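Engineer: So the chains spell out like this:
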Amino acid sequence: MGDIKRLDFELLEELLEGIEKPGRYINKEIGTKSKNLGLPEDFSGMVFMALVFPDIYEVGMSNLGIQIIYDIVNKYKDFSVERVFSPWVDFEKKLKDCNVKIFSLENRIFLDCFDLVGFSVQHEMLYTNILNILDLGGINAHSEQRGENTPLVGAGGSAVVNPQPLSKFMDFFVIGDGEEVVVDILKKVKIYKKNNKSKSWLLKEISRLDGVYVPRFYKFYYYKNGLIKKFEPCKKVKKAVVRKLDKFNVVTDPIIPNIRTVHDRYIVEIMRGCWRGCRFCQAGIIYRPVRKREVESLIKQSVSGIKNTGYDEISFLSLSSSDYEKIEHLVEGVTGALKSKRLSISMPSMRLNSFNLRFLELIQSGRKTGLTFAPEAGTQRMRDIINKNIKEDEMLECIKMAFGKGWEKIKLYFMIGLPFENEQDIKGIVELVEKIINVARNEVPGRKLRRLKINISINAFCPKPFTPFQWVGLESPESLKKKFSYILSNTPKRYINIKWSDPERSLIESALSRGSELLCDVIENAWKNGAKFDNWSDFFNFGIWEKAFKNSGVDISLFTTRNFPVDEILPWDVIDIRVKKSSLLKEYEKSGKYV
Amino acid sequence: MFNVMIRFKFYKKDEFKYLSHLDISRIIIRALNRAGFNPVYSQGYNPRPKISFSNPTPLGVESFAEYGDVSIENNIEEEDFKKRINMELKEEIQVTEARKVPVKIDSLMSQIDISLYIFVLDTGNSGKARQEKFYKGIVGLIRKSDFSDSIFDLKKVTSGKATNIILLKLFGYAKIFKEKDNRIFKFNSFYLFLGDLLEKYGIKINDVKKEELFVIKGKSLKTPIEII
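Sequences listed follow chains A and B, in order.
Per my numbering: the first sequence = residues 30 to 624.
Per my numbering: the second sequence = residues 2 to 229.
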């Protein structure tokens, strides 16, 4: 706001002395599109937006959403969006020690000089990082305490479908697809800036847009025990939906990071949404309806993306890539057009069976990277309860074929603490793993068998808003620990590598995802006591969070282990996700039929 | 198919001095792809483009003498190679020379013996006398030291009124970990060697740059391009 203040290169050089991976902070990638800043009069009418990803550069630059929004907004001549990521702890300390505010990568504009600061929030464990970045930018964390001359602060992304735990910190939220609504918001900001309108005028204006939730226009009333009595007005905010994905082209000239990122490849979204209806899965509901890109233009754009970026790997992204009917045509089209090039193709979230294993072998052209299966549960009964449509014999058949064809790395995903779970379901996980080992013994030659590793990842089921299981309580960490140690001590050590999610982290995660406004104080308290990067296991500190709940007088069990009665008013009831609550309830009831 | 190997020299300056050896390698490979060159890939389980580079430059040090060898499937003229790849690279990293390698040669890492570093020392506004004193001190120290052979150049720079810059060019082992004898300076021991003196006179190191790399040919030094 007001004058644009920037960090000069010489000072950056001083700051970067002795900093780990300085390439994170230097910009200068190919594909950046923020406006060049010449004279002040050149950008006097411009609206500046900071697009903030509250994790480190390597993670943020692997996120397709960031690339999409960045591309769309920067196409407008009056808007300029620049990136901001969480600094790593060494650089954060340096900034604080030198009294320098956090700045954007492109033009090194200090965060508090932007008109709009927009956070992209992918999961709940990043909430403390958000407060940290605001603090590093010299921006008051509390929406109400930010005056007229401070940037507008908002958040979007899949985590904020339940905006309540961040509601005190944000002026607004974007629920759903951001492509259209972000531009609509920026158009209003332009008027606001040009005509010197007030912030409340601006918030009123944008609150009329689909997908925009402005917390200050809502009031929640509570019972003594902390549960919601009612909220006013009872008008819900409708999720923003882009009807046709093809309305926006694939980003064929994305930013190409200079340093290695988590997903260092060209990413193309082929489909949004998933019709499978796994009852624990939040993405399956909040990204509805299923929308596919048209295959021929997808081929053309993928090819030009590969040529523009120089990547030798392309990733076809969706929630379930094998459900894109024309996937083979897509792959053939792209590889055919790029015959002379080396190109490897990756397909995250592919549901493997013996049919598409052949396909996978073809596209990996001899390179046998790991195979991932997500049976999620150990028994058919449990898989029916969660509606995970994977049959054991089909899966074993596919694994048998994979071993026979020379794959050596297999990864399996399971969840424990699922609703209606009993002892047999936990035993079932162990038995399934044993069956897989037996397949391996028969299929893998002795010399190779010795180095066989099956990686098993066990996560605690965390109930998420807008799923059929949103009412189900999290299992207590003690019980989860018992179940996990049963699995650990009953699976053969030899071929198995087991990783599991810390149940105490799951406890905090589920409080943050099913939490109400009451969580704002908890998050702030935890952050003040040093919580950040809570998604990193070596940073997560349960003690800090326990204390934060205590200090804020919030009973954690209210949001975690407690089963919510189905007629209770939920914190996220203020959002219309475009799937009826009654349909979710029906699905929940259906799951009970298998018990 | 006609494969050709090209040895090229490039610089990395300004922001790009903060990128590591591996980062630069990925950046160059992607630039080759974008320029429409097809790098030759190695055989085996995990095929990689056949590209190799000269010894890593420490992070944060600008370099005007980075070298790379790459095999590509295109028959192309040296100037054309240079032009096309430079169009795909930021201005902070540009190829300055390219030459086809006609016969099989040793890798850059094993060929290069010596690197030349420039240190730009700032004596501050402490006046001419102080600069003189420091200058004499450093000369004395280096001349007496074990690696007196290392000095390539040592001079005061005067531009206009300013007389506060001393340019020190030092030869160093290219192979940082190779211990032959102590007569040649190693980059890692720069502060160990000059640290006290810098502190005593309050001298700031304004800049460090890698200027050139050399191969010892008989009694003379040749650049990696010259020996082709």
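Each hint should be verified, as a subset may be incorrect.
[To be verified] Covered stretches of chain B, going by a simulated chain A footprint (3 or more residues, C-beta under 8 Å):
1) 30–36
2) 111–124
[Stated by the list, open to error] Calculated lysine to any residue pairs in the SDA-like style (CA-CA distance at most 25 Å, straight line):
3) LYS368/A x PRO48/B
4) LYS50/A x ASN207/B
5) LYS216/A x ASP352/A
6) LYS51/B x ASN337/A
7) LYS101/B x THR224/B
8) LYS482/A x GLU89/B
9) LYS91/B x GLY334/A
10) LYS216/A x LYS273/A
11) LYS210/B x ILE166/B
12) LYS50/A x PRO57/B
13) LYS336/A x GLU89/B
14) LYS91/B x LYS482/A
[Said to hold, decoys possible] Interface residues of chain A toward chain B, partial, derived using beta-carbon atoms under 8 Å:
15) ASN56
16) ILE285
17) ILE288
18) THR290
19) ARG294
20) THR338
21) LYS368
Rather than coming from a laboratory, the hints here were simulated on the basis of the structure.
These numbers come from a predicted model, not from an experiment.
Glycine included, each C-beta is placed from N, C-alpha and C at the ideal position.
Engineer: Compare the structure with each hint and give your call.
Structural biologist: Here is what the structure says about each hint:
1. Only when three residues or more bring their CB closer than 8 Å to a CB of chain A does the claim for the segment 30–36 of chain B stand; here the count is 6, and the claim holds.
2. For the segment 111–124 of chain B, the proposed coverage by chain A is not satisfied: 0 residues have a C-beta within less than 8 Å of a C-beta in that chain, short of the threshold of three.
3. Only pairs whose Cα atoms come within 25 Å are accepted, and LYS368/A paired with PRO48/B is accepted, the gap being roughly 16 Å.
4. Simply put, LYS50/A and ASN207/B have alpha-carbon atoms about 22 Å apart, close enough for the 25 Å limit, and the pair holds.
5. The straight-line distance between the Cα atoms of LYS216/A and ASP352/A is roughly 37 Å, outside the 25 Å bound, and the hint therefore fails.
6. A threshold of 25 Å between alpha carbons decides the hint, and for LYS51/B with ASN337/A the separation of about 21 Å falls inside it, so the pair holds.
7. A C-alpha spacing of about 15 Å is found between LYS101/B and THR224/B, which places the hinted pair at or below 25 Å, so the restraint holds.
8. Proposed proximity of LYS482/A and GLU89/B is contradicted: the alpha carbons are some 42 Å apart, above 25 Å.
9. A hinted pair counts as satisfied when its Cα atoms are at most 25 Å apart, and LYS91/B with GLY334/A qualifies at roughly 19 Å.
10. For the hint pairing LYS216/A with LYS273/A, the CA-to-CA distance comes to about 22 Å; that is within 25 Å, so the pair holds.
11. The suggested pairing of LYS210/B with ILE166/B holds, with an alpha-carbon distance near 15 Å, which does not exceed 25 Å.
12. The suggested pairing of LYS50/A with PRO57/B holds, with an alpha-carbon distance near 15 Å, which does not exceed 25 Å.
13. Of the pairs offered as hints, the one joining LYS336/A and GLU89/B holds, with about 11 Å between alpha carbons and a cut-off of 25 Å not exceeded.
14. Straight-line distance between C-alpha atoms of LYS91/B and LYS482/A comes to about 43 Å, which puts the hinted pair past the 25 Å bound.
15. Checking ASN56/A against chain B: minimum C-beta separation of about 7 Å stays under 8 Å; hint holds.
16. At its closest, the beta carbon of ILE285/A sits 7 Å from a beta carbon of chain B; the interface hint therefore holds under the 8 Å criterion.
17. Interface hint status for ILE288/A: upheld, as the beta-carbon distance to the closest one in chain B is roughly 5 Å, under 8 Å.
18. Taking 8 Å as the C-beta cut-off, the interface hint given for THR290/A is violated, the closest approach to chain B being about 10 Å.
19. Hint on ARG294/A is violated. Least Cβ distance to chain B is approximately 11 Å, over the 8 Å limit.
20. For THR338/A, the interface hint holds, since its Cβ comes within 8 Å of a Cβ in chain B; the closest pair sits about 7 Å apart.
21. Restraint check, LYS368/A versus chain B: the minimum CB separation of about 11 Å is more than 8 Å; hint violated.
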